[in-house]
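Undergrad: With chain A's structure known, arrange chain B on it following the hints.
In the order they appear, the protein sequences are chains A and B. Letter by letter, the first sequence follows residues 1 to 763 of the UniProt record's numbering. Letter by letter, the second sequence follows residues 1 to 763 of the UniProt record's numbering.
Keep in mind the hints are simulated off the structure, nothing from the lab. Please read all numbers here as calculations on a predicted model, not as lab measurements. Here a beta-carbon is modelled for each residue, glycine too, at the ideal position from N, C-alpha and C. Incorrect hints may have been included.
Said to hold, decoys possible - Going by beta-carbon spacing under 8 Å, a handful of chain A positions derived as facing chain B:
#, residue
1, Leu-185
2, Asn-224
3, Gln-336
4, Cys-338
5, His-491
6, Asn-495
7, Phe-667
8, Leu-681
2 protein chains.
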Amino acid sequence: MASLNDIAVGAAINILSAFVFFLIFAILRIQPVNDRVYFPKWYLKGLRNSPLRAGAFISKFVNLDFRSYARFLSWMPAALKMPEPELIDHAGLDSAVYLRIYLIGLKIFTPIACLAFSVMVPVNWTNVTLERSNFTYSDVDKLSISNIPLGSNRFWTHLVMAYAFTFWTCYILKSEYETVASMRLHFLASEQRRPDQFTVLVRNVPPDPDESVSELVEHFFLVNHPDQYLTHQVVCNANKLSSLVKEKKKVQNWLDFYQLRYLRNQSKRPIVKTGFLGLWGKKVDAIDFYTSEVDRLSSEMSFERERISKNPKSIMPAAFVSFKSRWGAAVCSQTQQCRNPTMWLTEWAPEPRDIYWDNLAIPYVSLTIRRLIALVAFFFLTFFFMIPIAFVQSLANIEGIEKAVPFLKPIIELKFIKSVIQGFLPGIALKVFLMFLPSILMFMSKFEGYSSISSLERRSATRYYIFQFINVFLGSIITGTAFQQLDSFMHQSANEIPKTIGVSIPMKATFFITYIMVDGWAGVAGEILRLKPLIMYHLRNFFLVKTEKDREEAMDPGSLEFNTGEPRIQLYFLLGLVYAVVTPFLLPFIIIFFALAYVVYRHQIINVYNQEYESAAAFWPDVHGRIITALIVSQLLLMGLLSTKNAAQSTPLLITLPVLTIWFHRFCKGRYEPAFIRHPLQEAMMKDTLERVREPNLNMKAFLQNAYVHPVFKGGDDGSESEVSLEDLMEEPAMVPTKRHSRRNTPMPSKQSGSLTKVDEDY
Amino acid sequence: MASLNDIAVGAAINILSAFVFFLIFAILRIQPVNDRVYFPKWYLKGLRNSPLRAGAFISKFVNLDFRSYARFLSWMPAALKMPEPELIDHAGLDSAVYLRIYLIGLKIFTPIACLAFSVMVPVNWTNVTLERSNFTYSDVDKLSISNIPLGSNRFWTHLVMAYAFTFWTCYILKSEYETVASMRLHFLASEQRRPDQFTVLVRNVPPDPDESVSELVEHFFLVNHPDQYLTHQVVCNANKLSSLVKEKKKVQNWLDFYQLRYLRNQSKRPIVKTGFLGLWGKKVDAIDFYTSEVDRLSSEMSFERERISKNPKSIMPAAFVSFKSRWGAAVCSQTQQCRNPTMWLTEWAPEPRDIYWDNLAIPYVSLTIRRLIALVAFFFLTFFFMIPIAFVQSLANIEGIEKAVPFLKPIIELKFIKSVIQGFLPGIALKVFLMFLPSILMFMSKFEGYSSISSLERRSATRYYIFQFINVFLGSIITGTAFQQLDSFMHQSANEIPKTIGVSIPMKATFFITYIMVDGWAGVAGEILRLKPLIMYHLRNFFLVKTEKDREEAMDPGSLEFNTGEPRIQLYFLLGLVYAVVTPFLLPFIIIFFALAYVVYRHQIINVYNQEYESAAAFWPDVHGRIITALIVSQLLLMGLLSTKNAAQSTPLLITLPVLTIWFHRFCKGRYEPAFIRHPLQEAMMKDTLERVREPNLNMKAFLQNAYVHPVFKGGDDGSESEVSLEDLMEEPAMVPTKRHSRRNTPMPSKQSGSLTKVDEDY
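Okay, chain A solo, but in the shape it has when bound:
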């Protein structure tokens, strides 16, 4: 077990490495040539067009103002200076609220640490249990609960502390939930007019032999929301088209690359092989080849565009229905439309940027089956992921490879290669798996059929958290694979499980301290360097950039990546809460992590990240729920630990803690969660009324017309054709006569409705 000295050395090393990272960052960021890597947000917002300083040619690339090197930590106060309202304005509510997660960490753990060090550490320290015992122990253990003799009355201190910590955490959680909920409501209320405020996503439109999807949607909403319905847009299945667009972009990149190369060195036209990865196949002239490829893809795209517009089967049974007022949209999104609850499903439309277009047309039965499959798959992924990795590792020994591919034997036998294979390959299999884990989880969420990117990320985050909890947290405490744990838990009684885990907890404190320093401190400091985007930007800048627009695209600002970032923070909450009572010595390390991460991410959010969507902090209930989970886990484990310490008389008092915590969670869920899911009519009505007074002659229809067109049909990367069709949309739409004569109640379609039916014919 590590002593205080070891930990001090570890801390020194990690502080030093963090310091080095900051130093490198400080140097790199003030070089004008890196300006677009470290300040892309300002470029994207149009607030900056070139590095701030201008001057001699050389100073375009290297910063020669040496005074700026001296103030190398100046970005920290700068990052903290921007007030929250401005931050929300600058980077969106999602980012601002994301930062509050770190703040919560500070708010929860700083007072807890103070209390723990002033009360619990003296209580623990003034015992001699460990000195008298035969165990090897370190100074860290002397500060922990391990130093209290069995059945001592001093455990009452820990019990009282557990109550105090629980109440403090719940208090902070409640006030934060309240703040975030009101921030969200205020954000939504003070927002500019946005199409998603008026629009509802309708899924599972039932098939109808008489009418097209578009007509059906129009008639249904004219009948059932006669005063409110304004217009709608059907969803086309443009998955193939969008993959063509992507491919064209890639080919275009290669074309640009070879053209640039030819420009720089006109002596020889570049040559390329047409086969796999350019490794073999016929040699052809690169520029000609890629030009023809671009042409081919363009014609394929226009053919596909044609096909989508002609073929009624490419219209998916989903639509974006827009209403005349926010009230109408709020009503429609919260009510059931049809007696069959799996048809005409309505939900408030996500932002246009936030939509995951591929998933809009999955029928209800398929959705439930997909959820089941994903559940089973995730179970196996979590508990059995070691099996394929162990298999790969078993293959990756020398004898295995020699047997499988005997002709490689002479190469493998080389000493260097042999040591690489033996040393790295087994580890690499695991590393590669862990690297791909977020993508695997994201794929699962996509398979489950969520319709917005934000919900996909939230779902992935939940899964990532569970995976981490089982394989990192429990896996480190009870060594063994997740499946071995599951097996042993199945064979243990319900009150043995917390004991088994609880007993091992104090022993793992030093391990987790090291983990926090490496993964937390150094990891966060590394984040600010942005090594990968830095290299990628300079590569692209050198090989591909011809115009200013290309340079814009070469920037990779990245985003917060909620699906991996948030679960990682949650691990620290879990560790902090679990160890708060057991080994309070761990708390300062966690506080430093939260403080550091808060500053670094605030800087990144202000200067770098560019959020792809804005969900108005819709993720907060998840964050809250996971901290509550951590709290309950910590209470159960403390109960297990104390019951092995002959302090079983505390069990009834400890068991009320999780009950109260779960009740608190339910209370918060009822009190605050609706603000994140539902849409109060009062607010909608207020905004509608205000708007009607301010802009009585607003042409809502023109505003909503093209908001929910699939991005491949929108302008941007491939020009004119689509823009023409977009202008068509603005025309007064044709009337849609209903082909069905039995439905007498259908009112005549108003002049303001039925936009896309015409559009469909125009594509």
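TA: Relative to the frame of chain A, chain B by itself:
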């Protein structure tokens, strides 16, 4: 263990007793004097005014037509003859759907029993395991899974059967859910215009210093539902008034009783003692005393009425808001009104008869705390109810009583009293508790704050089911109190628990067969006799009845009592599903129970029961969920049982069954449950449109005016005053000027709104 012979004897006894019950019933029911006991439904519906046969004086009391005695089972085909649509018309959807629960039992278990007897019984029978073993065994056991040798391949039969039974049950459940959901929707759609279709119950109206509750409600809905709002009625706290009404009724009964006695025997005026229960106190003239009591209560009531109308504090922060159309009510009930989700809570109003008035004004925080307390209380009730009973039992021994009250010693020492105390008292404590259990559970539900009687009953039913499951089902299998079970489960591993229970299951088959015969067969046959209402009716008829109206009130038709009846049926589902694979011999007994109960309850529903409310089968999701629970329990127990039979290789196959069943449940929940909770706008709009065409000049406001007045304010038991005030309601209401000037957006109140504000002043 009971042999086949024992069971045959038991069956014979129980069949005989059922037969005797039916015989007595057949004789009693055709006596004209009992007509109002056995056919109250027809009287209440106004379809019958006197016994069908008329003739000589004596035949008014005794049936002398001896032919009718011969056909003593004729009521059975008569009960089955009424077709379901007519039954719905006659007794409401609740009753008709309640009968379907028995039908489901028949549908599930008849094919299962056939399959089990044709496949599994031969497989079990043709073994010699039990013969060779040293255990005592009966023929029943030879038919059960106990007769299969350890690790035999014959267990595959049981595995396949478990799959077949699960799929069959799920299939029946799904088709029933579908049928009931469409029955409900059809019932709601074809219903007459009813006030609750247009009305929403609003709870937690926030306090406002400027405006009264009534004004606040009006303004809020005029602003937020301007096109749809029609009128509203505030809720008064009339709990005291309604208890006064109840007391007056009781005193009036005594007055009637003494007046009648005096009429019959005018020689001496009746005397009554004023003290406790009439046992001691001053002797007074009974008629004078009760007349003055009635007067006192009448004046108190009018004072209380005055107080309610004058005091604004008696207006509770809740209101019934009515809309111009069903669409408006559907929208309002499904949406969130205010940004604070604990204020302005809306839900579709229950039927006026169904409302539980006392609970309408509980604030949100109090509700969540009440739920927590009820949860904890229920936990202790379920697991520790034996402790107070054991305490009473320990008191109820001779020595204890002698010590506590030494002066009673001479009485207690009498032999007869001693044997009574020793023999009955311990058992009586338990019986009394079990008798009061439904009331205790109902009290808990009321404490939790549900606002309609139907939801109170559903909640109590859930609790009753859990209590039965733990204390009757598990308690019979693993003998010991619930707490001992809980304790042993806590100390067992998760996969030991199903084993522990599973092993004991085959051994308890004969016990449960006896239970089914006594509780099921004889109990159901006893139900039809209606012994208690029969006696009560004749007592009342003799002592109290003066007028025809009194006779009407003396009838006690009773109702289905969902809160105890349904969980009792569910126990049979549980037994049937658990034993289907293990001891199929139990199935015929269950089938007989379901068939018998179906006929008996169909007869009772047609002729006797008078439902107090109509919830349109809102209980079906609960019924479905509990059968699913039984299915999952049966699968887990089978898994436990097989794993002790060295057939562990079947575990992976068996564990997929609960996973699939849970998934099936989730699927059904998503697919059908909304039909029981939400209100499709399409349906509402259709009915609205139809109605507008048929009755364009309908005065909706007059129709809705008094629908939701507290029953004590309605006419009926105390005459003129309230009827006057009801007529006041019909007047054109005064305009309510808003006292608040800051709210500029408030439209002027329409002429059609603000009814009860005036009424409040008139009371």
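Undergrad: With chain B as the partner, please determine if Cys-338 of chain A meets the hint condition of a C-beta pair closer than 8 Å.
TA: holds, 5 Å
Undergrad: Does the interface hint hold: is Leu-681 of chain A within less than 8 Å of chain B, judged Cβ to Cβ?
TA: holds, 5 Å
Undergrad: For the hint on Asn-224 of chain A, just tell me whether its beta-carbon gets within less than 8 Å of chain B.
TA: holds, 5 Å
Undergrad: A closest beta-carbon separation below 8 Å is what the hint needs, so does His-491 of chain A meet it against chain B?
TA: holds, 5 Å
Undergrad: Mind checking the CB of Phe-667 of chain A against every CB in chain B and telling me if the closest is under 8 Å?
TA: At 5 Å from the nearest chain B Cβ, Phe-667 of chain A passes the 8 Å test, so the hint holds.
Undergrad: Is the interface hint for Gln-336 of chain A satisfied, with its Cβ closer than 8 Å to some Cβ of chain B?
TA: holds, 4 Å
Undergrad: Against chain B, with CB atoms and a cut of 8 Å, does the hint on Leu-185 of chain A hold up?
TA: holds, 5 Å
Undergrad: For the hint on Asn-495 of chain A, does the least C-beta distance to chain B fall short of 8 Å?
TA: holds, 5 Å
Violated hints are absent here; each numbered hint is respected by the structure.
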